[in-house]
Structures are given as structure tokens and as C-alpha cells.
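Undergrad: Residue strings, one per chain:
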Amino acid sequence: MNKENLELNVAIFFCQQLDPDQDSNRRVIEKELGPGIKFFPLPCSGRIEPLHFLHAFESGADLVYLITCPVKSCRYQQGNVRAGKRIAFAQNLIREIGLDPERLILINIDPPLPKRIDLLTRELLEGAPVKGHSLLSRL
Amino acid sequence: MITAERKPLDEIIAMILPFKKVLVVGCASCVGECAAGGEKEVGLLGSALRMDARMTTKELETREMTLERQCVYEFIDRLTGLIDQYDAVLSLACGAGVQAVAEVFPNIPILPALNTSFLGQTKEAGLWLENCRGCGDCRLHLFADICPVTRCAKQIFNGPCGGSQDGKCEVNPETPCAWHLIVTRLEDRNQLDLLEEVYAPADWSKKEGAGPRKIVREDQQN
Ligand code: SF4
Ligand code: SF4
Numbered sequence: 001m002n003k004e005n006l007e008l009n010v011a012i013f014f015c016q017q018l019d020p021d022q023d024s025n026r027r028v029i030e031k032e033l034g035p036g037i038k039f040f041p042l043p044c045s046g047r048i049e050p051l052h053f054l055h056a057f058e059s060g061a062d063l064v065y066l067i068t069c070p071v072k073s074c075r076y077q078q079g080n081v082r083a084g085k086r087i088a089f090a091q092n093l094i095r096e097i098g099l100d101p102e103r104l105i106l107i108n109i110d111p112p113l114p115k116r117i118d119l120l121t122r123e124l125l126e127g128a129p130v131k132g133h134s135l136l137s138r139l
Numbered sequence: 001m002i003t004a005e006r007k008p009l010d011e012i013i014a015m016i017l018p019f020k021k022v023l024v025v026g027c028a029s030c031v032g033e034c035a036a037g038g039e040k041e042v043g044l045l046g047s048a049l050r051m052d053a054r055m056t057t058k059e060l061e062t063r064e065m066t067l068e069r070q071c072v073y074e075f076i077d078r079l080t081g082l083i084d085q086y087d088a089v090l091s092l093a094c095g096a097g098v099q100a101v102a103e104v105f106p107n108i109p110i111l112p113a114l115n116t117s118f119l120g121q122t123k124e125a126g127l128w129l130e131n132c133r134g135c136g137d138c139r140l141h142l143f144a145d146i147c148p149v150t151r152c153a154k155q156i157f158n159g160p161c162g163g164s165q166d167g168k169c170e171v172n173p174e175t176p177c178a179w180h181l182i183v184t185r186l187e188d189r190n191q192l193d194l195l196e197e198v199y200a201p202a203d204w205s206k207k208e209g210a211g212p213r214k215i216v217r218e219d220q221q222n
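Sequence order for the protein chains is A and B. Numbered by this note's numbering, the letters in the first sequence go through residues 1 to 139 in order. Numbered by this note's numbering, the letters in the second sequence go through residues 1 to 222 in order.
These are computed hints drawn from the structure, not numbers from a lab. Every residue gets a Cβ at the ideal spot worked out from N, C-alpha and C, and that includes glycine. Honestly, I wouldn't trust all of these hints.
The calculated DMTMM-like cross-link candidates involving lysine to aspartate or glutamate, where the alpha carbons are at most 20 Å apart (straight line), are [to be verified]:
(1) K40(B) - E126(A)
(2) K58(B) - E49(A)
(3) K85(A) - E33(B)
(4) K40(B) - E96(A)
(5) K58(B) - E58(A)
(6) K40(B) - D23(A)
(7) K7(B) - E96(A)
(8) K85(A) - E5(B)
(9) K21(B) - E64(B)
(10) K21(B) - E58(A)
(11) K85(A) - E64(B)
The following label-pair restraints were derived from C-beta to C-beta distances [stated by the list, open to error]:
(12) V171(B) - D100(A): 39 to 45 Å
(13) R133(B) - D23(A): 33 to 39 Å
(14) A14(B) - Q78(A): 37 to 43 Å
(15) Q221(B) - R95(A): 48 to 54 Å
(16) Q221(B) - V71(A): 55 to 61 Å
Next up, chain A with everything else stripped away, as it sits in the complex (with noise of 0.2 Å):
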């Protein structure tokens, strides 16, 4: 796994959905990964709100990422297209305070599911962009 990336602060926020043994399996990188990286589980990334992305960066979050069930597969039919328009929202509300809006990241899995939440998050952080520590983490 990339070594800069373990360095950092990750948020992740994703749709219990995608993982039904998501408890224990995020459990199993949480223990490897120490206390950098913290799990959000929602019973569906439609119930984000960006004021959760805004929180997650002010306690010290590198990057962000929502993840959400594959396009057209939401439980709740539109939970993850709302989840789009809020980190659009987020988005521009970070870069009025100059932080990269590119530090929030949607992840729409493709199908199928279920997929399992700690095998996912090894495959985002090896492929996350290397943004190093934001200004506010190094603060």
C-alpha cells in the first residue's frame, strides 16, 4: 500500500449497504491502520449531510471519501444521487476557505454487491491521490 497515504488522515463515510459484515470487516483495518483512519458507517449515503464532511476536515482529515452504492442500485432509490449533490455542496463551500475540493471524494462502487468495506478502503487508499497533510492537519 502506498506509505504516504498511511500517514494521512482519512475519513471515510460509506453506505452500510455495500458490506452487511462491515462491523467486524472495517475492524480488521481499523487495527492495522491505527487511530488515522475512521469509519463512518450510514444506513444510507443518502443521510449524509455536508456538515459532516466540514467536521471531518476541521478535526483533522486529510481526505474525505463518501461511498456510495453503485448508480441505480440505492435501497432507498435516490440516497446516492443526493449524496452526489451534497458533496458538490461541500465542495464549493471548502474551496471559498481555500482548502482542495479535491480532498473530498465520491466513490459510486460498481456492482455488484455486496463488497466488503476493508478490502475497498486498501484498494482507495492505494489509488487515493497523494495529497499529503492538508494545512489544517498539520495546524
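Based on the hints, put chain B with the ligands in the right spot on chain A.
TA: Below, chain B with the ligands without anything else, positioned relative to chain A:
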């Protein structure tokens, strides 16, 4: 309700620059409904301002709270005992709310975080439409409850103007022609005879001829 939108963040940042302790106060009524000044927006703005201050090494302490209404004394009173611990209040209310708070606490700057826009309705989630200008002489009953003063770009009382196409306004083709709506609804209600009348122009003296307006209701007074 009264609608509003947040000012650009750089304007707000410049406004609070002289102050170190800022109380960020929302209003859960009109501007809460139009997602400009409710509890969520207070949280977002507070968080964004704190992050900006940290990144630009400015000293800033904030506290967030949301009043049910910022234009009514009983609710404003919740700030008593708290407000004097702050250098300024950043208010996410309409202009009426900002001024009402400033009147109760005249020695503390109350800074407007929103630009107040119009009287409108929530048409659907995330869409607000202007539909009343508060003219002071409501004549909706004559126009099938569609306000020509607000919703017709030419504000005409004796329409249609003849320029609408496919039910859209010729001035702004994205907007429905108010007169198309009026005629269609009058027809549905069997009230087309209301259009036989020639209506006098609006009497704007009732709105703004004599400075700010007031409403006095003795039955409501203490
Ligand atoms: S201050 Fe009063 S009028 Fe203004 S938004 Fe709040 S409730 Fe509405
Ligand atoms: S006629 Fe006047 S009061 Fe009535 S809706 Fe139109 S602007 Fe508002």
C-alpha cells in the same frame, strides 16, 4: 415566508475580521425553511469560519445557536446574558431579524451573514419562488390567486400582454406567463367574467409612499 441566501464567504470573513469572539446565530423560521439560516447552515458557516481562521492564523472563537425566530423579542431574549461575552453577532436571519436583535442589544455589532431576497413559497425541495411583493393592497381574488404584480414581468393588471409563447413569459422564457396561468385558472373556475373589468394600476403609495410601514393591532397588545 422571507427567503435569503448566504453572502459569499469572503465577504463574511472580511466582516468578522475585527472580532475575536463571534456568536453565530441562526433563525429556524423563514430562513431555516429556505436552507439559508437554520441550524444546519449555522453549523456549516461556523465550521467554515473556524477552519478559515486556523488556516490564516487568525484568532477566532465561535459559538453557534439558533433561535426559533430572530424578529420576535421573546425569542431574542434567549441571547440575554450570553451576548455580552462576544465581540459581535453573526446573524443568519433576514434583514428584519438582524435589525430586531440590534435593537435589543444596540451596543453589539450584529453582522448580516445573509442577503435577504423575497417573499416566496417553497415550490419543491430546493426550489423557492417569489410570489408576493407586499404591495399593501392584495387583489389576488381578482386574479385567480396568482399575483400579477409579482409574477408578471411587466406587472400588468390587465393582461395578458400578448407576447407569451407556449405559456412562457416573453421576458424570461424559463418562467411561466402569469397571465397564462391566471386565464387558465379563471377558465377552470368558471370566472372568466372577472376579466371584463378594467383594473386600475397598483397604488404603490400603500407600499412605500410614506417610509417604512407599520401594523398596529391594539387587540394584540399588552
Ligand atoms: S427573523 Fe423573522 S422574518 Fe426573518 S427569517 Fe427569522 S422568522 Fe423570518
Ligand atoms: S397583490 Fe400585493 S399583497 Fe397580493 S400577492 Fe400580489 S404583491 Fe402580494
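Undergrad: Run every hint past the structure and note whether it holds.
TA: We went through each hint and held it up to the structure:
Proposed proximity of K40(B) and E126(A) is contradicted: the alpha carbons are some 34 Å apart, above 20 Å. Under the criterion of a C-alpha separation no larger than 20 Å, the hint pairing K58(B) with E49(A) is inconsistent with the structure, at around 27 Å. The straight-line distance between the Cα atoms of K85(A) and E33(B) is roughly 19 Å, inside the 20 Å bound, and the hint therefore holds. At most 20 Å may separate the alpha-carbon atoms for a hinted pair to count; K40(B) and E96(A) meet this at roughly 18 Å.
With a C-alpha separation of about 15 Å, the suggested pair K58(B) and E58(A) falls inside the 20 Å cut-off, and the hint holds. Annotation: proposed proximity of K40(B) to D23(A) is violated, straight-line Cα distance about 29 Å (limit 20 Å). Our distance criterion of 20 Å between C-alpha atoms is met by K7(B) and E96(A), whose separation comes to about 12 Å. Taking the CA atoms of K85(A) and E5(B), the gap is about 18 Å. The hint holds against a cut of 20 Å.
At most 20 Å may separate the alpha-carbon atoms for a hinted pair to count; K21(B) and E64(B) meet this at roughly 11 Å. Taken as a hint, the K21(B) and E58(A) pair is honoured in the structure, with Cα atoms around 18 Å apart against an allowance of 20 Å. Between K85(A) and E64(B), the direct Cα distance comes to roughly 25 Å. Violation of the 20 Å bound is thereby established for this hinted pair. A hinted range of 39 to 45 Å holds for the C-beta pair V171(B) and D100(A), which are about 41 Å apart.
At roughly 56 Å, the beta carbons of R133(B) and D23(A) sit outside the given window of 33 to 39 Å. The hinted window of 37 to 43 Å between A14(B) and Q78(A) holds, with their beta carbons roughly 38 Å apart. Taking 48 to 54 Å as the suggested C-beta distance range, the pair Q221(B) and R95(A) conforms, at roughly 50 Å. Distance hint check: the CB atoms of Q221(B) and V71(A) are about 59 Å apart, consistent with the given range 55 to 61 Å.
Checked against the numbered hints above, the structure breaks hints 1, 2, 6, 11, 13 and satisfies the rest.
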